[in-house]
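**Q** What follows is the residue order along each chain.
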Amino acid sequence: MTRLLKLYLHFLKLAWMRSLEYRVNFMTWMVVDTGWSFLDMIFFSALINFTQVIGTWNRGQALVVIGVFRLLVIPVWGWMFSSFSKIPRLISEGKLDLLLGKPVDNQFLVSVQDFSFSILPSLVTGSVFTVYGLYLLRIVPSFWQILLFLWLLIPSTLLMYSLYFGSVALSLYFDRLDNIYHIFPTLYDVGKYPAGIYPVFLQRIFTTVLPLSLMIIVPAESLFSSPSITNLLLFHSSALILFFLSRRLWFQGLRRYSSASS
Amino acid sequence: MKKALAYFRVSLTDALEYRGDIILYVLSGVALPVTSLLLWNAVSFSESSSPLSPPELVRYYIFLLFVGTWVSSWTSYFLSRDIRLGKISPWLVKPAPFLLYQASNNISEKMLKTVYLTPIAFLLSFIFKFTWPSLSPSKWLLFGLTFILAAVIFFLIDICLGLLAFWLDDSSAVREFYSILNLIFSGRLLPLYTLPLIIQNISFFLPFRYTLSLPLEIILDKLSSMQLIQGLIIQIIFLIISFCLYKFLWSRGVRKYSASGH
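Protein chains in written order, with my numbering: chain A, 1 to 262; chain B, 1 to 262.
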């Protein structure tokens with residue numbers, strides 16, 4: 001575990017050096033990331049202009065969810081998208097064996113290929129949105145609530161990783177699915193809306209089989225309400241189960257993989 | 001014409017070879033309008049004063065699926081990559097304009113996407129109880145004309161963004177920034193009628209409204225005759241500007257361009 005952590009820190013250092021190679025581009029991407037945050041705010045403001053509630057959430061609750069959404073954008077777009085976008089091409093061009101031949105867990109290697117540091121402004125905008133949402137709710141979370149929230153970001157990230165990695169692993173089962181890595185970020189947006197807006201059958205899917213509605217909502221709701229122990233246990237279990245399923249999918253898929261003599 | 005048809009056949013064959021990728025693009029493109037429609041449905045069921053009625057919102061988003069598909073372009077990404085890698089050299093000596101190939105490729109893929117999109121749109125029309133807009137024949141004609149102009153303007157602007165690679169090492173951040181502005185001011189994220197007045201007023205002077213929102217506003221039958229004519233004239237002006245910009249950037253860029261080994 002320590003070895004993997006050291007290796008990851010090394011990859012992060014390389015990613016940081018790559019980011020700073022083209023500094024103007026790096027700064028521009030930080031501006032773009034801030035622009036995406038403002039886009040979320042414009043979308044939210046336009047909707048809330050016409051109603052006091054969105055689904056079952058009032059203004060403050062919706063803003064907290066958007067804030068947590070932006071915070072979790074960091075692992076999704078900064079880490080996972082940057083690394084997973086390379087996988088379908090590695091598979092279709094037969095270059096994956098360069099990674100398979102290394103003496104490290106190959107799922108770990110393909111998962112940590114890159115990190116985009118220009119996503120970090122979302123840390124600021126996400127925190128601002130969350131704090132402002134709590135201010136509108138007139139809620140000051142207790143120390144234990146904040147601790148629970150920070151802890152829930154971990155299974156939430158694990159859940160997102162499992163779903164995203166599982167979808168990208170499908171590239172091993174088809175001839176060419178170069179764009180598969182775009183699917184999850186599209187579905188990730190689904191998670192920032194209340195499950196109540198979807199038809200009942202989709203609500204069931206988004207809270208059980210594909211728990212997209214839980215990824216962001218469970219940590220966000222921990223800040224302004226008390227989650228039940230049952231729901232927390234279900235949340236953690238689904239994160240672990242999906243992680244093992246996605247890992248199994250990857251290794252099963254690798255048996256079908258053949259290289260291109262790289 | 002023969003060259004255009006030849007390019008079209010080649011692009012269509014290429015797109016048909018890997019149908020999975022196209023289907024994924026179609027599904028990604030459907031997610032945002034469907035989620036927005038579900039949100040607006042939820043808003044309209046609460047106490048709200050939306051500027052568009054529920055049937056109008058359904059009409060807007062169902063037509064957005066098709067108009068949005070045809071008013072889309074991905075050329076800038078591949079063009080900037082090819083310029084950076086020196087792969088546009090063959091195009092400089094071919095007897096057919098570079099723009100002709102890109103346009104043929106664009107149209108062929110969109111035709112295939114429309115085929116996959118149609119059953120999805122039918123299903124969504126049934127679920128959301130879509131009602132066909134009752135427009136006069138002249139308004140339908142105007143819709144068709146503004147639709148075509150919107151697609152051409154968007155395509156030309158996209159090409160111009162790709163041509164920036166002649167001067168910039170990495171123009172991806174510029175393209176992403178353009179995407180954000182496009183999402184806000186074109187009506188792709190939310191109908192312009194739902195946005196604050198200042199954004200609506202700014203949108204009149206930017207090309208984005210004329211690349212998506214204008215045809216959809218005609219469908220909603222919200223424009224007076226004077227506004228229709230005004231919109232059409234401004235679209236033609238933006239078409240001329242974007243074409244002249246493309247010619248300028250291409251001629252200057254090619255002079256600056258150099259590649260090795262081609």
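I should point out that these hints are in silico values taken from the structure, not numbers from a laboratory. If you're wondering where the values come from, they're calculated on a predicted model, not measured in any experiment. Hints are supplied without guarantee of correctness; some may be wrong.
[Said to hold, decoys possible] Under the rule of at most 35 Å between Cα atoms (straight-line distance), these lysine-lysine pairs were calculated in the DSBU-like manner:
{"no.": "1", "chain 1": "B", "residue 1": "K129", "chain 2": "B", "residue 2": "K113"}
{"no.": "2", "chain 1": "A", "residue 1": "K86", "chain 2": "B", "residue 2": "K129"}
{"no.": "3", "chain 1": "A", "residue 1": "K95", "chain 2": "B", "residue 2": "K110"}
{"no.": "4", "chain 1": "A", "residue 1": "K86", "chain 2": "B", "residue 2": "K113"}
{"no.": "5", "chain 1": "B", "residue 1": "K256", "chain 2": "A", "residue 2": "K86"}
{"no.": "6", "chain 1": "B", "residue 1": "K129", "chain 2": "A", "residue 2": "K102"}
{"no.": "7", "chain 1": "A", "residue 1": "K13", "chain 2": "B", "residue 2": "K110"}
{"no.": "8", "chain 1": "B", "residue 1": "K87", "chain 2": "A", "residue 2": "K95"}
[To be verified] Chain A side only, calculated, beta carbon under 8 Å to chain B, not exhaustive:
{"no.": "9", "residue": "V32"}
{"no.": "10", "residue": "F174"}
{"no.": "11", "residue": "D178"}
{"no.": "12", "residue": "I197"}
{"no.": "13", "residue": "Q252"}
Beta carbons are placed, not taken as given, at the ideal position from N, Cα and C, and that holds for glycine.
**Q** Determine for every hint whether it applies to the structure shown.
**A** Quick rundown of the hints versus the structure:
no., hint, in the structure
1, K129(B) - K113(B), "holds (23 Å)"
2, K86(A) - K129(B), "violated (41 Å)"
3, K95(A) - K110(B), "holds (31 Å)"
4, K86(A) - K113(B), "holds (24 Å)"
5, K256(B) - K86(A), "holds (31 Å)"
6, K129(B) - K102(A), "violated (55 Å)"
7, K13(A) - K110(B), "violated (41 Å)"
8, K87(B) - K95(A), "holds (22 Å)"
9, V32, "holds (5 Å)"
10, F174, "holds (6 Å)"
11, D178, "holds (6 Å)"
12, I197, "holds (4 Å)"
13, Q252, "violated (19 Å)"
When held up to the earlier numbered hints, the structure conflicts with 2, 6, 7 and 13 and fits the remainder.
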